[in-house]
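Top line first, the protein sequences correspond to chains A and B. The first sequence runs contiguously to residue 356 in the working numbering. The second sequence runs contiguously to residue 356 in the working numbering.
Please keep in mind that the hints were generated in silico from the structure rather than gathered at the bench. Nothing here was measured: the structure is a model prediction, and the numbers come from that model. You may find that some hints are simply not true.
As the list makes no split between identical chains, a pair holds if one copy fits it or if it spans any two.
With a straight-line cut-off of 27 Å between C-alpha atoms, the simulated DSS-like cross-links for lysine-lysine are [said to hold, decoys possible]:
id, residue 1, residue 2
1, K177, K313
2, K313, K55
3, K133, K313
4, K174, K306
5, K306, K236
6, K236, K49
7, K49, K351
8, K133, K174
9, K351, K236
10, K133, K177
11, K174, K55
12, K177, K351
13, K306, K177
14, K133, K236
15, K177, K55
Protein chains: 2
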Amino acid sequence: MTIRQWVRPNVLQMAGYTPGEQPQGKPVVKLNTNENPFPPPQPVLDALKAAVDGKLRLYPEPSARPVRQAAGMLYGIDPDQVVAGNGSDDLLTMILRTFVDPGEVVAAPDPTYTLYDPLTTLQGGQFHTVPWKADNTIPVSALVALNPKVIFITRPNAPTGHATPLSEVVRLCKSTKGVVVLDEAYGDFANNSGLPLLANHDNLIITRTFSKSGALAGMRIGLGFMSRDIALQMHKVRDSYNLDKLAQVAAVAALENWDAYEPLIQAIRQQRNHLRNQLNRRGFQVPESQANFLLAQVPQGRRSGKEWLDDLKSAGYLIRYFGADPRLTDKIRITIGTEAEMTGFLQAVDKLLTDN
Amino acid sequence: MTIRQWVRPNVLQMAGYTPGEQPQGKPVVKLNTNENPFPPPQPVLDALKAAVDGKLRLYPEPSARPVRQAAGMLYGIDPDQVVAGNGSDDLLTMILRTFVDPGEVVAAPDPTYTLYDPLTTLQGGQFHTVPWKADNTIPVSALVALNPKVIFITRPNAPTGHATPLSEVVRLCKSTKGVVVLDEAYGDFANNSGLPLLANHDNLIITRTFSKSGALAGMRIGLGFMSRDIALQMHKVRDSYNLDKLAQVAAVAALENWDAYEPLIQAIRQQRNHLRNQLNRRGFQVPESQANFLLAQVPQGRRSGKEWLDDLKSAGYLIRYFGADPRLTDKIRITIGTEAEMTGFLQAVDKLLTDN
């Protein structure tokens with residue numbers, strides 16, 4: 001007997017998703033996985049420390065009810081319309097396991113978050129993409145023609161940073177017979193959110209994460225917002241205790257102290273717009289971004305995207321490069337850091353431009 | 001459009017798994033979900049507190065490598081043979097998603113852990129059981145005749161507490177063309193473990209949890225041990241960052257300070273044997289258990305299993321009752337607590353026996 005007789009063919013054939021590099025102990029500035037450059041506010045850390053006690057011997061609240069209640073308060077939504085995830089990736093998996101049977105179609109505009117494809121394959125579904133329209137609107141007819149059970153719209157989009165108009169999301173919800181997932185992992189950095197659309201669209205699910213604006217990537221917390229009926233089905237698919245006690249404590253503290261995040265988010269937005277201007281001045285082509293990163297086309301005729309990755313790494317700045325996709329081969333993605341980090345980053349860019 | 005058009009039929013039809021009750025704030029002694037009655041040792045709590053800092057803004061190590069390395073040290077196994085889970089339930093899900101395609105069979109001796117059935121249904125598989133043999137050995141031929149992709153053996157078994165001989169596990173591994181999962185959630189309370197069998201059986205996976213002996217149910221930590229080849233496939237199915245930073249810190253501290261757990265585990269074993277003797281003297285029928293719980297048949301002709309549940313709850317002791325299964329209808333399951341808790345529990349039992 002060999003492994004090939006045991007393992008599902010679609011798992012055997014998968015390459016597996018490669019997360020962004022997490023340097024261990026090396027002194028680099030991490031601008032590669034869109035984490036928040038600021039630590040979580042002190043009340044969040046205080047709440048966590050206070051919760052480290054002997055009661056960790058007990059199972060956590062199975063459905064993360066305290067988190068759902070705190071989210072309900074902050075966002076003005078019924079806690080029964082909220083499902084918590086072990087990161088929003090967990091919610092994406094739950095969504096696929098709730099709606100997609102083998103052979104069914106999952107669709108998204110392209111380019112998009114690279115995890116949807118392997119998660120769909122894992123579920124036995126067929127993942128299809130349609131290019132974003134040139135004006136960054138959704139190719140609604142082409143997506144709907146695929147007859148998908150689930151359509152993923154990342155807003156702001158990764159890795160491009162654009163936020164398609166909310167009217168486009170409405171148009172898609174009305175046109176499709178499937179479920180629309182509005183992935184707002186970067187939603188707090190955008191000018192607006194799709195949350196108000198939930199009231200009028202039964203087939204809309206919105207996912208959010210605490211890994212970006214929430215400065216809690218280490219704690220794996222995601223939230224899904226949806227109709228009560230969909231939430232009931234998602235809870236069946238959810239792992240019985242998917243959020244540990246400390247993740248729940250961190251999430252509640254973050255939601256209850258969201259005011260403390262606002263200046264951090266504002267600072268990131270300012271640095272984003274500043275860095276975009278500065279890179280454009282230096283020959284990069286950087287479109288507007290509503291996320292906490294920029295996707296920059298490198299200056300033509302000089303070093304390639306891959307060379308920028310390597311040279312910036314040598315200079316102490318870790319960015320992201322997506323080699324495989326032909327439309328991304330001349331582009332690099334830079335997470336927005338603190339003012340000091342962005343100043344240092346621009347100095348490193350200037351040195352490389354002068355060297356070559 | 002309605003929810004029935006969107007949701008997978010097998011999810012729609014599922015009732016969903018009901019975890020044991022987690023009383024919020026009520027003054028009861030929890031003897032219902034097999035948690036450890038002792039808090040985690042102080043070095044574990046200290047490590048957790050020390051890890052609560054601004055670095056929680058960063059993603060955790062994706063594959064929980066520090067945990068796998070610490071487990072490798074403690075158990076004398078290659079870290080590449082270890083996969084970490086967000087609780088061992090996460091590992092059970094990963095196993096089913098790695099091996100089971102729609103319509104394929106998953107099997108287990110019955111009774112067994114009640115989660116295997118819904119997890120298999122969720123994966124589109126067929127869950128079949130065969131009764132344990134009267135001498136608590138595995139019905140190997142009958143299980144193998146089902147042609148299962150995966151066979152679950154819980155050892156010690158839940159909810160009966162018996163530990164089938166390891167020679168039976170060997171016999172099963174040699175007989176089946178599928179994968180054998182030895183679920184050692186309660187393994188630390190048993191007289192021996194199947195870990196040494198891994199070296200000679202490529203189709204064996206062993207799962208363990210920190211929720212019972214590890215006194216860390218609140219942190220959701222599980223470990224799977226298997227061949228390197230199977231581990232590689234399981235990592236593809238695993239959520240990219242399935243263990244948060246603090247869960248990893250807790251797991252490493254627990255593994256590195258396992259000596260501190262030994263007296264706690266020994267105390268639980270002693271109380272288990274003591275409670276068994278005491279209940280047998282009072283007319284209960286309680287078989288030997290190698291877990292941290294007892295499954296007790298209630299005295300005949302008096303109150304029913306359900307009435308024991310209710311009356312003990314009124315007396316401040318929360319136990320577990322499995323109403324649905326006809327073979328369990330006259331039985332209650334009692335988690336082993338501290339000496340003081342067991343003394344109080346027996347006094348409550350005596351009072352109820354006197355009352356009625």
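Here is what the structure says about each hint:
When the C-alpha separation of K177 and K313 is checked against a cutoff of 27 Å, the pair qualifies neither within a copy, at 46 Å, nor between copies, at 48 Å. Only between protomers do K313 and K55 lie at most 27 Å apart by alpha-carbon distance; the minimum there is 21 Å, versus 43 Å within a single protomer. In this homomeric assembly, K133 and K313 never come within 27 Å of each other (Cα to Cα): the closest approach is 33 Å inside a single copy and 62 Å across copies. Taking the shortest alpha-carbon separations for K174 and K306, neither the intra-copy value of 41 Å nor the inter-copy value of 50 Å comes in at or below 27 Å.
Taking identical chains as interchangeable, the C-alpha atoms of K306 and K236 lie at most 27 Å apart only when they sit on different chains, with a minimum of 26 Å there against 44 Å within one chain. For the homomeric pair K236 and K49, neither the shortest alpha-carbon distance inside one copy (32 Å) nor that between copies (33 Å) is at most 27 Å. Proximity of K49 to K351 under the C-alpha cut-off of 27 Å is found in neither arrangement, the shortest distances being 43 Å within a copy and 42 Å between copies. Only within a single protomer do K133 and K174 lie at most 27 Å apart by alpha-carbon distance; the minimum there is 19 Å, versus 57 Å between protomers.
In this assembly of identical chains, the alpha carbons of K351 and K236 never lie at most 27 Å apart, being 55 Å within a copy and 40 Å across copies at closest. For the identical chains of this complex, K133 and K177 are intra-copy neighbours only, at 21 Å inside a copy versus 51 Å across copies, given an alpha-carbon limit of 27 Å. For a Cα distance limit of 27 Å, the shortest separation of K174 from K55 qualifies neither inside one copy, at 47 Å, nor across copies, at 42 Å. For the identical chains of this complex, K177 and K351 are neighbours neither inside a copy (53 Å) nor across copies (61 Å), given an alpha-carbon limit of 27 Å.
Proximity of K306 and K177 under a CA criterion of 27 Å is satisfied in neither setting, with 41 Å inside one chain copy and 46 Å between copies. When the C-alpha separation of K133 and K236 is checked against a cutoff of 27 Å, the pair qualifies neither within a copy, at 37 Å, nor between copies, at 32 Å. Within a single copy, K177 and K55 get their C-alpha atoms no closer than 46 Å, and across copies no closer than 43 Å, so neither meets the 27 Å cut-off.
The structure shown violates the earlier hints numbered 1, 3, 4, 6, 7, 9, 11, 12, 13, 14, 15.
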